[in-house]
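Fit chain V to the supplied structure of chain A, relying on the hints for placement.
2 protein chains.
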Amino acid sequence: MTDINSLDLQAQEIIRQAAQNALEKMDARYQVDTKTNYTDLVTTIDRENEQLINKRLREIDPASKILSEEGFGDKGIRSLAGHVWIVDPIDGTMNFVKQHNNFAVMLALYVDGQPVLGYIMDVINHRLYHGRAGHGVFVNDQRLSTPRDLGLQESLVAMNRGLVLNGDEAIRKVAQTAIGLRMYGSAGIEMIGVITGQLGAYISHLKPWDLAAGRMLAEELGLIVKSIDGGSINVLSSNLVLVATSQVSRDIRQIIN
Amino acid sequence: MTDINSLDLQAQEIIRQAAQNALEKMDARYQVDTKTNYTDLVTTIDRENEQLINKRLREIDPASKILSEEGFGDKGIRSLAGHVWIVDPIDGTMNFVKQHNNFAVMLALYVDGQPVLGYIMDVINHRLYHGRAGHGVFVNDQRLSTPRDLGLQESLVAMNRGLVLNGDEAIRKVAQTAIGLRMYGSAGIEMIGVITGQLGAYISHLKPWDLAAGRMLAEELGLIVKSIDGGSINVLSSNLVLVATSQVSRDIRQIIN
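Chains A and V, in that order, give the protein sequences.
Under the numbering used here, the letters of the first sequence match residues 1 to 257, in that order.
Under the numbering used here, the letters of the second sequence match residues 1001 to 1257, in that order.
Looking at chain A on its own, in the form it has when it is part of the complex:
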């Protein structure tokens, strides 16, 4: 079995390279395509970053599988047995294109279904949030402590547009009850918000690559990560996920049940 510590150091290098690539190409010309509809973008830089990351992961961990957003990973992964790397080459592609800000690169390693390594790179602010199960969470070299366990009426909450405009009445009530509502357009940036205590909760429909790294970091800090109905998460599916402090999680249960 490959040494996790060595994989950790190499993965940090890989994600920083991918972030640097995105930063260098951001102001150049690149192609933007739509996927499911006009709000769902992908660029040649997403694809290039994913190929760069996956190629390096194959080198450092050849026996692993790779689950990645833009289709250059392994197809038809139905189990988390062994090493599975989960890759989001640019999270918040819309912000990358429109704002040149508020986007992330995300990476996680799950071993036999358990989150072991997690990385969220806030590219513009040059901050790598990284963690290893049982060893804590860091931003660059500085250790993060667990955010204060505040309740919903003392906490800012992030959600995405669909939930706020068209979500269940209960979800909209959560948005109304929080001390404030925020919307940044990147799961990575919103996960960073929760793990640093800038947000008390993040609620969103998340695909595996949106969720894998943030879940690892949040759980390592003792935060709650679960399905909005209180159930556990299946990292291989799309889930309506709540990431929150314990108290916000309890307050939300009061509203949703």
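Treat the hints as calculated values from the structure; they're not laboratory data.
Wrong hints could be hidden among the right ones.
For each label pair, taking beta carbons as the anchor points, the in silico distance ranges come out as [what the hints assert, rightly or not]: (1) A:THR36 <-> V:ASN1234: 16 to 26 Å; (2) V:GLN1176 <-> A:ILE255: 20 to 30 Å; (3) V:SER1246 <-> A:ALA81: 51 to 61 Å; (4) A:LEU9 <-> V:SER1246: 50 to 60 Å; (5) V:ARG1250 <-> A:GLU13: 31 to 41 Å.
If we take Cβ atoms under 10 Å as the criterion, some of the chain V residues that face chain A in the derived model are [to be verified]: (6) HIS1126; (7) ALA1178; (8) ARG1182; (9) TYR1184.
Built from N, CA and C at the ideal position, the CB exists for glycine as well.
Frame of chain A, contents of chain V only:
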């Protein structure tokens, strides 16, 4: 009449001092009070910053009036005759308290009702957005150009919680039609979004101190600033304001009328 160029240079110094004060006090203990309800905060740093700014404005422009958020300015201002300074000592107080990020200091000079000088300081990023009527808009020393005139379906739009959760159906349709919706919790940060082209529009209920500086900067760049129903703005009242590119403004009119 005091020389506008000299006032401009001194006002830049004043707003940078106030920003520095907020930055230094941010991690210290300070008192937080609520105003109209639990989501409407004010801190001793807001008050201290306002007193600091107003005192210096009285020194550099003694004949002027001052309209400021926390009550240390002139009372009962009903006209914009002469010089009127409009002051927001911390815009996004909730973010200041909860996030230590995403807040601004704002300042504007109106002369006989016309916007002449405008300043929005993004405190955490050390970026002062400033402009003078007829002389352009700058971020620190770098001149800003007019954002691309994109339409609603190509633009990110920022609104506040009340409009998205409980606004008119037409406003909610605007939020749904935009390429994406964002919510940062600070009029200053959202105005910066529009003047830099990171957002195509910002729609919010704005008080004089939320609006005065951003309106000056946006109009100087050729952007649209008006009441959401298409009418002109009264800077002395609370308005439901649209700040947008020309094309987004036209697209929104199609939805709202």
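Hint check results:
no., hint, result
1, A:THR36 <-> V:ASN1234: 16 to 26 Å, "43 Å, violated"
2, V:GLN1176 <-> A:ILE255: 20 to 30 Å, "24 Å, holds"
3, V:SER1246 <-> A:ALA81: 51 to 61 Å, "56 Å, holds"
4, A:LEU9 <-> V:SER1246: 50 to 60 Å, "51 Å, holds"
5, V:ARG1250 <-> A:GLU13: 31 to 41 Å, "49 Å, violated"
6, HIS1126, "13 Å, violated"
7, ALA1178, "9 Å, holds"
8, ARG1182, "5 Å, holds"
9, TYR1184, "7 Å, holds"
Of the numbered hints given earlier, the model fails hints 1, 5 and 6; all others are met.
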